[in-house]
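Trainee: Each chain is listed here by its residues.
Number of protein chains: 2
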Amino acid sequence: MNMAYWIWYPGDWEVWLHEKISVQREMRGAIYPPFWRLDRHYSSVIYKYKYVIDQPEMIDIVADGTFAAFLDGRDNYRTNQGQLRLPAGEHELTITVYNRVNVPAIYVSGETVFSNDQWQVSCYDQNWHTVGNWKKEFNTSEKMPSLFRLPRKLEEPITVDRRSDSIFIDFGKEMFGYLQLEKVKGEGELTIYYGESVEEAEDKENCILVDKIAFSDDEESMMLEKSRAFRYVQIVPSEKIIEIGNVHLQYEYLPVENRSYFQSSDSLLNQIWETSLYTLHLNTREFFYDGIKRDRWVWSGDAYQSFLMDYYSFFDCDVVKRTLTALRGKDPVVMHINTILDYSLYWFIGIYDYYMYSGDLEFVKSQYDRMISLMDFCLARRNENSMMEGIENDWVFVDWADIDNRGEVSTIQILLCRSLQTMALVAELLEDEERKIFYENEAEMLKDKIMETFWDEEKGGLIHHRVNNQRNEKITKYPNIFALSFGYFTDLQKEKVKQQVMLNPQVQAIKTPYMRFFELAALCEVGEHSFVLDEISAYWGGMLKLGATTFWEEYDPQLSGKDHLKMYDMPYGKSLCHAWGASPIYLIGKYFLGVRPLSPGYHTFAVEPHLGGLKWFKGTIPIGQGEVEIHMNHEQIKVRTTSGAGILKYEKDGKPFEVTIPNDSTWLHVNLV
Amino acid sequence: MNMAYWIWYPGDWEVWLHEKISVQREMRGAIYPPFWRLDRHYSSVIYKYKYVIDQPEMIDIVADGTFAAFLDGRDNYRTNQGQLRLPAGEHELTITVYNRVNVPAIYVSGETVFSNDQWQVSCYDQNWHTVGNWKKEFNTSEKMPSLFRLPRKLEEPITVDRRSDSIFIDFGKEMFGYLQLEKVKGEGELTIYYGESVEEAEDKENCILVDKIAFSDDEESMMLEKSRAFRYVQIVPSEKIIEIGNVHLQYEYLPVENRSYFQSSDSLLNQIWETSLYTLHLNTREFFYDGIKRDRWVWSGDAYQSFLMDYYSFFDCDVVKRTLTALRGKDPVVMHINTILDYSLYWFIGIYDYYMYSGDLEFVKSQYDRMISLMDFCLARRNENSMMEGIENDWVFVDWADIDNRGEVSTIQILLCRSLQTMALVAELLEDEERKIFYENEAEMLKDKIMETFWDEEKGGLIHHRVNNQRNEKITKYPNIFALSFGYFTDLQKEKVKQQVMLNPQVQAIKTPYMRFFELAALCEVGEHSFVLDEISAYWGGMLKLGATTFWEEYDPQLSGKDHLKMYDMPYGKSLCHAWGASPIYLIGKYFLGVRPLSPGYHTFAVEPHLGGLKWFKGTIPIGQGEVEIHMNHEQIKVRTTSGAGILKYEKDGKPFEVTIPNDSTWLHVNLV
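One line per chain: the protein sequences are A and B, in this order. Sequence positions in the first sequence follow full-length UniProt numbering and run 1 to 673. Sequence positions in the second sequence follow full-length UniProt numbering and run 1 to 673.
These are computed hints drawn from the structure, not numbers from a lab. Quick caveat: nothing in here was measured; it's all calculated off a predicted structure. Heads up, a few of these hints could be off.
Copies of the same chain look alike in the list, so a pair counts if it works inside one copy or between any two.
[To be verified] Calculated pairs, EDC-like style, for lysine to aspartate or glutamate (alpha carbon to alpha carbon, straight line, at most 20 Å):
(1) LYS618 / ASP534
(2) LYS436 / ASP203
(3) LYS330 / ASP39
(4) LYS590 / GLU651
(5) LYS20 / ASP125
(6) LYS135 / GLU629
(7) LYS226 / ASP266
(8) LYS447 / GLU384
(9) LYS153 / GLU182
(10) LYS566 / ASP75
(11) LYS153 / GLU19
(12) LYS20 / ASP39
(13) LYS562 / GLU457
(14) LYS566 / GLU525
(15) LYS545 / GLU495
(16) LYS212 / ASP72
(17) LYS449 / ASP432
(18) LYS638 / GLU608
(19) LYS330 / ASP125
(20) LYS173 / GLU434
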């Protein structure tokens, strides 16, 4: 309680940080800013706090910006002194701060008066909000939010090949950070070619990332200014550079703890799990990135999956909140998040999931206004059938695949339906009865319309889309995946969809790890764990066999050699460390270890483990503050947990059973034979 | 045509400059930021330009920020080189620029390809706009818009009084700029107390502006960092400061030319005219300020009057455009301009006037979107009678006076009606027929409702307001002033209003030069020139008699001594150099010299001179590029002009006459006897 921390206009630190990191993408030295509007922090804000004290007290005010403090609205009696004597009694302390470069945050500490979440702030739009903060991180006057930097540690290359006209270095696996060069002698220029593959680092003309560093004199040691993602580096000196000493890496990372654990009888699967974790960790930074080499952007669809992976590994809520806040940005909403229709919708669903896993009502509340305005924007873009289609410059993405997304795409309507359900849930939490009923009704009507419009009884699934009220009879997996995951099918429909769509080789296959995430999750939902395990082994195992140290943006087993590196019309366009490549974390955690919340914040939860063809596994999954540990083989399940009301679900002799798990860390043993 | 100039996202340079200057207000060293939302420039924008060239050509690209250029949407082929070779043929050149501190502007120059108003720009909200520019000012690569500073010139004090413990300096009249100190010897601190009056500069505890400058060593010459408004300065050295040399002022000003001229038989009036011009000039800076000592803010109501004064003096359209753009800021509109209901409405009317005086259709077009969104905001805040009242935290200002502005204030409805008429006019100019009809109808209906609701036949005027559908029978001058000025009365009503309200000493008198502006203009509209002249002489002459070198924020002839300096609960709270104090410029130009446009841009105009009790006058008024000169005494009117279709209107023997004025600078003589 009696602890001061930095406070700011809610969301502004995240928006400010997002603006900064969004412009780090480069294409061979040239900036490549995102093609959506970058929002900015308010430069001029006003804080207020009502205090009651018996004795006068001194407070220290530290502001990131130019500030003035005054009491009881006495606008003419301002001070810019860092120490202020507060008179006893009940008074209102007001502090204005201006900073056009950094977020105008403040840190106030006295005997009893502190900057904390009891303060309110306004950007002078006549609305007052509870302040934003990150109390775990910014809780001393020195830890100013604008000074935030990820920590670094030194990493050494595994091989250094000093060739006649260059140095070629291998760091052994995908890395992220700042090269550090020792003892550069002479004058001239070093050109540094980076590669996620040997081929890329060796291709001076086509590698994506290049740095040029000029030296006018000998340098004992110097760290490059810009962070880069790579495994290999080729350093080419100009003529008068006569020596280059050791080359290291200042590896930059978000200090999150991996709170999960998994081991099984299948060593390839264990390696896939480890590589997934490393892939996710590299992309878990200020925000969840899509990939660390190329975009380095925050994409809502990509982030949505990272959230779910995070709940089964780091369970770091802060990075989820930062990412959701940054993605939403500020009003007015004039386009979809990342310009992509589906990506606006994933944002809502991401909040639903976040609440289920974390139980963090405070954050959900803080987003309500922005949820309403984004939903208003979406609803205003519906057509005469109350369905959303891509209008104007909306990008209807769904997946990187040969699909036609014109008109009413069924997947979009399903995502909208789930978004409306999220709105209803949050409205209920905030006791906004009127909106709750509105969103519930909209969701219900839309769900009926989806089934009516897109369900094909004969084909046993939802068709892909309808254009100008004309059904296109093509079935794709996408809508069926989401309807399965959200529980929108009857049991009869489920079975049809499983056989006639999901397991039907005639239906167009999915090629991105992005959509495989949803596909394999849906297959688990209908009990196809063994099938999914085989798919994981073949698909992710396939990348490992090609030497992957992190998982890729896209993987097509049909390709060979350098063709694996191509994408977006560029020889090395593909990202070889892409967050959405890490989905085995989620699939294993949720569907093999079988842990999922039944009520917000894991107050109640289910453990429904499936061997899915494995001989045995053991593992741990974080559930909020606590954790649950599961061991399973064909004879036995062992499970224990530290918190919550957990229920173990399992089958024995073809019959379902449920047992309550004690939450005192003692083992529950269940025999399966 | 073939000339390059700096281009930017429309409005962003103005918004950026406004953000900067808005936070210069200080209260005894502490920042006093405006209490409305400060908008900001977009930090990431994208420019595009389609060119057709026969021969390849080289262009130079200079950007204020980090940029990348690419051709024909080939996003993967970017360059950050300042020189780019454009291939021949038809191509689209795209440039992205990022700058979080300054406006991301660009300057491109080649043989035939230049950055100019043929380029388009987007903030990545999927809308493209014609770029903003100030081609007169920023037309070389070196003149980067972010480097914009007003020029300075050296001014010397008229008296320097070296007292035992301080130096007391008089600059002879109100000044604005940066103090410059020569040969400061010793170490310690100088405290500088500024005053618009002797009393203020001598009152260390209560003067508004104070600077403290620390010296650790002798200084040959140093200019203070912050600009200040003052006439007097008291410099108090700490003990170990042993010498202070000469003190000068780096006077800062906007280099506008006074294009008007006025001389009359009344030397007091001539002095009022000169002092008004100086007052206006001091407040005409990056934008039109309210006053230079205290707020230094851009207030819409104050600026509205400055626009009109400007048309009769400098005729500087750039400062009008900058001010209108800055005032409007960005979407979303969540509060009134400056938080004041009437100030939103003056913004619309200011655009109407600007178009009438300048004929600048291009600017009006550029504001149309923002006009619509502000009007949407206003119309959505009407009550069930389709009238606007102050809701939530709206400030209904009208005037600094003892008035009750609750409920439906008639003045507000009249301003809204005029704003709707402005919208209709602009909609018509932009051939937006649907909106034109809508706004016209709304204006017509509102006008009828105003007369129906507020006209009091017996009292012969409009009553002040109605609260909860209850008429308050009090008559004030405000609504009657505006209805007169906008021509909303019948001739019969006019006569009643003139006698029963405007010239009626029982009706509450107006005490601010702000509202006197409108009051005296309205009195001129009904032919009361002599009365107005007497008022000007008494009121503004009264300030001159008290030693004013510029006109004040408020003047009450009843007060005496230091009481004149008080305002806002502060002994020196009153601004002694306030733009709205300069209204004689407008009154004399429009109603005595009698010049006014009849169609946009002075294509046609009227000259209707009135001696109003003077023996003679002569004067010049700018009319766009040209000017009109008028000499008048009881015997004769002489008028000549350089442009436009002017009509001289005058009376002889009680009968009205109209004569066309030749526009070849030859004199038209008319005998009045």
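Trainee: Checking an output row: LYS20 and ASP39, CA cutoff 20 Å. Within, between, both or neither?
Mentor: Classified as both; 10 Å inside a copy, 19 Å across copies.
Trainee: Check LYS330 against ASP39 for me: Cα-Cα at most 20 Å, and say if that holds within a copy, between copies, both or neither.
Mentor: both (6 Å within a copy, 13 Å between copies)
Trainee: Under a CA distance limit of 20 Å, which applies to LYS545 and GLU495: within one copy, between copies, both, or neither?
Mentor: Neither: 35 Å inside a chain and 97 Å across chains, both beyond 20 Å.
Trainee: Taking 20 Å as the upper bound on the Cα-Cα distance, should LYS20 and ASP125 be classified as within, between, both, or neither?
Mentor: between (25 Å within a copy, 19 Å between copies)
Trainee: 20 Å Cα cut-off: does LYS618 pair with ASP534 within a copy, between copies, both or neither?
Mentor: Close inside one copy (19 Å), not across copies (98 Å); limit 20 Å.
Trainee: Evaluate LYS173 and GLU434 at a C-alpha cut-off of 20 Å and name the case that applies: within, between, both or neither.
Mentor: neither (54 Å within a copy, 64 Å between copies)
Trainee: Can you tell me if LYS330 and ASP125 fall within 20 Å by alpha carbon in one copy, between copies, both or neither?
Mentor: Result: close both inside a copy and across copies, 13 Å intra and 12 Å inter.
Trainee: Can you tell me if LYS566 and GLU525 fall within 20 Å by alpha carbon in one copy, between copies, both or neither?
Mentor: Classified as neither; 34 Å inside a copy, 76 Å across copies.
Trainee: Classify it for me, LYS449 with ASP432: is the Cα-Cα distance of at most 20 Å met within a copy, between copies, both or neither?
Mentor: neither (26 Å within a copy, 38 Å between copies)
Trainee: Should LYS566 paired with ASP75 be assigned to within, between, both, or neither, using CA atoms and 20 Å as the limit?
Mentor: Intra 62 Å, inter 16 Å, cutoff 20 Å: inter-copy only.
Trainee: Check LYS153 against GLU182 for me: Cα-Cα at most 20 Å, and say if that holds within a copy, between copies, both or neither.
Mentor: within (16 Å within a copy, 53 Å between copies)
Trainee: 20 Å Cα cut-off: does LYS153 pair with GLU19 within a copy, between copies, both or neither?
Mentor: neither (25 Å within a copy, 40 Å between copies)
Checked against the numbered hints given earlier, the structure breaks hints 2, 6, 7, 11, 13, 14, 15, 16, 17 and 20 and satisfies all the rest.
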